[in-house]
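Listed here are the chains, written in short residue letters.
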Amino acid sequence: MEVLTILIPVSLFLGALGLAFFFWTMKNRQYEDPEGDARRILRSDWDDHPKP
Amino acid sequence: MSVAADPETHVSISACPACVAAPSAERIAQMAAPREARLMLSIPGAHCAACISTVEQGLERLPGIRSARVNLTLRRVLVEAEPEVTAASLIPHLDRLGYEAHELDPGVLSVTETDRQGRELLMRIGVAGFSMMNIMLLSVAVWSGATDATRDLFHWISGMIALPTVAFAGQPFFKSAWRGLKAGRLGMDFPISLALVLASGISIYETWHSGRHAYFDSAVMLTFFLLVGRYLDHRTRAVARSAAQELAALEVPRAIRLLDGAEETVMVADLRPGDLVLVRPGGRVPVDGVVTEGTSELDRSLLTGEVLPVFAGPDRVVSAGEVNLTGPLVVRVTAAGRDSSLSRMAELVAVAESARNRYTSIADRAARAYSPLVHLLSFSAFGYWMWATGGDVRYAINISAATLIITCPCALGLAVPAVVTAASGRLFRKGLLIKSGSALERLAEVDTVVFDKTGTLTMGAPEPTNLGDHPRAVLDLAAALAGASGHPLAQSLAQACRAAGVVPAPLTDLAEVPGYGVEGRLHGRRVRLGRAEWVGAAPLEVTATYLGMADGTTRAFTFADALRPGAAEVVAAVKAQGLAVKLISGDAPGAVADLAARLGIADWTAGALPEGKAAEVARLTAAGRRVLMVGDGLNDTAALAAAHASVSPASALDAARVASDIVLLGRDIAPVADALRIARQSTRRIRENFGISAAYNLVAVPIALVGLATPLWAALAMSLSSITVALNALRLK
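So the protein lines, in turn, are chains A and B. Count the first sequence with our numbering and you get residues 3 to 54, in order. Count the second sequence with our numbering and you get residues 51 to 783, in order.
Treat the hints loosely; a few may be bogus.
Dumping the calculated EDC-like pairs for lysine to aspartate or glutamate here, alpha-carbon to alpha-carbon at most 16 Å [stated by the list, open to error]: (1) A/K29 <-> B/D165; (2) B/K625 <-> B/D724; (3) A/K53 <-> B/E110; (4) B/K480 <-> A/E37.
Computed far set for chain B versus chain A, every beta-carbon distance over 12 Å [what the hints assert, rightly or not]: (5) T136; (6) S701; (7) R727.
A short, non-exhaustive set of chain A residues, derived as facing chain B with CB atoms under 7 Å [to be verified]: (8) S13; (9) G17; (10) G20; (11) L21; (12) F24; (13) D35; (14) P36; (15) E37; (16) G38; (17) R41; (18) L44; (19) R45; (20) D47.
Keep in mind the hints are simulated off the structure, nothing from the lab. No residue lacks a Cβ here, since even glycine has one placed at the ideal position from N, Cα and C.
Based on the sequences and whatever the hints tell you, model everything.
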């Protein structure tokens, strides 16, 4: 059971990492236009170079 | 829109002493001189990736546009541009790209754009979700047989995650429960808060005493699912609120006041009786008044439903809401603000609306029955087990907490929001904007549909009907004259001639005579197009414009109002759904009978006054009918507000849009029939969802009451019922 001393902190750390990432997406307003973003990824307009 | 004035404009404003005293005037001047324009347009037709590209690239190609970004979820485009670019100038461009567009006021919309409450809820959902996953990981270990020190360790770690989570994420429920308690009522949030507190408390106690069961996972899961429901509910409300604001933003209430011959732009609210107001051609009369200068024609269709424009000259009384067509008019204000007919109409609407707000939704009724029942169950469980075990408080509290957790309205909290979200999303994709939370339920109960004619079933725009009866030379002449006028009949005629490939005759000295028509010279001889008496023709019964030719003979061009796209389909579909259809219009009997015959509506009324429309709706309501009113004009406003549910097109007057529950964003009216169908379907789904949660409680509650419920049971039942309910909502087509 000693493995728990590693596994529990690891799982907690990963959870916290996910949460931090979620906060980051919130701050970047990634949930403003879910429908549009889902379709934007399929466009080929800026495939060769990024939008200036 | 940026309101920050640059220093130069500010100096020039201060140089005008009258403006310093009038803060609103200063604000308007500042708004007119921003450093960059942030424009927001509604584009109801956008729906795909190609739409995004077309709109964004089409706009960015125009001079002065810095960037354009489409928000497909909200069907809006945000444009950043040089200050001289106006939203009105972009609308024709978008029209050419194939997208109908309306201007929105970003100042009003900014409130919904930065939706703080929604983001906070989302944040809490995130926290609850991540904690739930971590705790579940530990709980699964406990359920699969961890014992003694390992189990206690897992419980302690779970508690360390769960307590801060519940304290943070559960705040919306605690706050609302506390507010309810202070106001002396037990809402749905009180049993929720009680369950959260009790579950956390009992779990700490059990953990402390190395007990077998801890409900940390249940507490966090409960928070998570309920927050999801709360968030969906909030989204629906926010969208409804933003819809109302969006529509308020469509029309900016300003007027041009003449002060000693100088023009200044003021808020309509600042006008006083006696002020002189200039109304340009194409502009809407902002107040009630009397014409002092100028002649023109007025389109009164929004007020009365009449298609035919009426003549306006000095001493004619005009009312707010009429549209000036051909020449500039100076109007002396007789009633402004609260006294104007527009404002009286708004009061009428407010009275009718408050009656509608008393409508109790299914969810409210369910919540009202639910709270007392849950408390009763939980307390009787506590009492019974105290008696049965001879005073074992720990055991009795455990059972009553388990009962509270199990009955907690996870599925109940999701049952309505999930369906409403799915339904309003589906309707939005069809071009319908829901403004009111209970609109879907009321729409589902409708059994009679009342349509207005002008602007609702028809476009309110005339189309020439007898072009083929005229020889080519006459058409050439008519096209040349019509092309020089701003009058809607003339413009429609010119457009039809262009479409037919008519080459306009070479005319000289073309001049528009406001209020009468347009005249010019063909080889030195005078020709006229306009009103019958001016041209010298005998007026016809139907809408027509008259051509007076060089040889003194006259020709009449007759017009009929064009049907709105989807009008025939919507009437047929509504009849097929078994609902009664009625047409009420303020227009002349001939035109109304004609339209009714074309659409197959047997029951129609013509020449109805605004009060008459509302009275008819009230009469139907009194006869036990649930009326859906579909209308666009000011004359429909009272009827829209009085009806059980109401729909108006986006082209409607703002008072009408404010009074209605649902706004049709596109030109096509056919989605109204879909709305009725989807509304009935979603109400059915809501009832089904309540049934599902009730069935689940029926099984789970007895198990909890006899003391057999374990945390595993609670977690399984809770997630299963929530997922079933959400999936059921998604079945909506």
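Do the hints match the structure? See the list:
The suggested pairing of A/K29 with B/D165 holds, with an alpha-carbon distance near 12 Å, which does not exceed 16 Å. Taking the CA atoms of B/K625 and B/D724, the gap is about 13 Å. The hint holds against a cut of 16 Å. Between A/K53 and B/E110 the CA atoms are separated by roughly 12 Å; this keeps the pair inside 16 Å, and the hint holds. A hinted pair counts as satisfied when its Cα atoms are at most 16 Å apart, and B/K480 with A/E37 qualifies at roughly 15 Å.
Every CB of chain A lies more than 12 Å from the CB of B/T136, the least distance being 25 Å, so the non-interface label holds. With a minimum CB-CB distance of about 25 Å to chain A, B/S701 clears the 12 Å threshold, and the non-interface call stands. With a closest Cβ-Cβ approach of about 23 Å to chain A, B/R727 is found to remain outside the 12 Å limit, as its non-interface label requires. Hint on A/S13 holds. Least Cβ distance to chain B is approximately 6 Å, under the 7 Å limit.
Because the beta carbon of A/G17 sits about 5 Å from the nearest beta carbon in chain B, less than 7 Å, this interface hint is met. The criterion of a C-beta within 7 Å of any C-beta in chain B is met by A/G20, whose closest approach is roughly 6 Å, and the hint holds. Taking 7 Å as the C-beta contact cut-off toward chain B, the hint placing A/L21 at the interface holds, the least distance being around 4 Å. The interface hint given for A/F24 holds, since its Cβ lies 4 Å from the closest Cβ of chain B, which is under the 7 Å cut-off.
Hint status for A/D35: holds, given a least beta-carbon distance of 4 Å to chain B, under 7 Å. Checking A/P36 against chain B: minimum C-beta separation of about 6 Å stays under 7 Å; hint holds. Using the Cβ-Cβ criterion of 7 Å, the hint placing A/E37 at the interface with chain B is satisfied: the shortest such distance is roughly 4 Å. Proximity of A/G38 to chain B holds as hinted, the smallest CB-CB distance being about 3 Å (cut-off 7 Å).
With a cut of 7 Å, the hint placing A/R41 at the interface with chain B holds, because the nearest CB-to-CB distance is about 4 Å. For A/L44, the suggested interface contact is upheld, since its CB lies about 5 Å from the closest CB of chain B, less than 7 Å. For A/R45, the interface hint holds, since its Cβ comes within 7 Å of a Cβ in chain B; the closest pair sits about 5 Å apart. A least Cβ separation of about 6 Å between A/D47 and chain B falls short of the 7 Å threshold, and the interface hint therefore holds.
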